[in-house]
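Student: Sequence:
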Amino acid sequence: MSEAYDIAAIFRSYGQFVYTMLRSLGVGASDVDDAFQEVFVVIHRRLATYEERGTLRSWVYGICVRVAKDFRRRASRTREIATDEVPETIDTMTPAEHLGEQQARRILYAILDELDDDKRAVFVLFELEGLPMQEVAASLGCPVQTAYSRLRAAREAVDAALDRLRARRDVK
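Quick note, the sequence shown lines up with residues 338 to 509 if you use our numbering.
These aren't lab readings, by the way, just hints derived from the structure by calculation. All of these numbers come straight from a predicted model, not from anything done at the bench. A couple of the hints might just be wrong.
To be verified - The calculated EDC-like cross-link candidates involving lysine to aspartate or glutamate, where the alpha carbons are at most 20 Å apart (straight line), are:
#1 K406 - D453
#2 K406 - E438
#3 K406 - E375
#4 K406 - D370
#5 K406 - E434
#6 K406 - D454
#7 K406 - D368
#8 K406 - D371
#9 K406 - D455
#10 K406 - E466
To be verified - DEER-style ranges, computed between Cβ atoms:
#11 V481 - E438: 25 to 35 Å
#12 Y387 - M470: 35 to 45 Å
#13 E388 - Q440: 36 to 46 Å
#14 S367 - Q440: 28 to 38 Å
#15 R442 - D507: 16 to 26 Å
#16 Y485 - R410: 18 to 28 Å
#17 Y387 - R501: 17 to 27 Å
#18 V378 - L499: 11 to 21 Å
#19 D496 - M470: 13 to 23 Å
#20 I344 - D507: 42 to 52 Å
#21 G352 - R443: 19 to 29 Å
#22 G352 - R442: 12 to 22 Å
Note that the Cβ used here is the ideal one computed from N, Cα and C, for glycine as well.
Build out the structure end to end from the sequences listed, making use of the hints.
Tutor: Right, dumping it as structure tokens:
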């Protein structure tokens, strides 16, 4: 491990990334703060054994994937009804823009929830985060071709879900 890494610097550099990834990986709004803490507990515990095979970002993402999987598993057992939290800052978006963004986010999360963990992780990392496939594969601990295969299957599933959504809207 490089001595250049310390937990405070990682927190400052990757805090927002971790939060966004946990939500994208299906951690509910009511659990995201706990999952966020868990990610940084794991990072702190494992930082001494971190091997620089990939990027630090992909290592952190791999931890996010595992923590999100655990939290989704726990949530499926308890099945709480999650509500969106009130934002702490004021922005310049109109109410209509907020509504559109919330609806788009709900649709995205619902579609991502239909994917299995492996496909979801590849899709989020590659399509939403824009990571190169080498990094995606490294962070998930799978061969690059396997990651491409999962991405293809995820894209097909997302396209099918969007087609179903469009068909329902056309019927109404």
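Student: Check the structure against each numbered hint from earlier and tell me which ones fail, lowest number first.
Tutor: Violated hints (numbers, rising): 2, 5, 12, 14, 17 and 18; every other hint is consistent with the structure.
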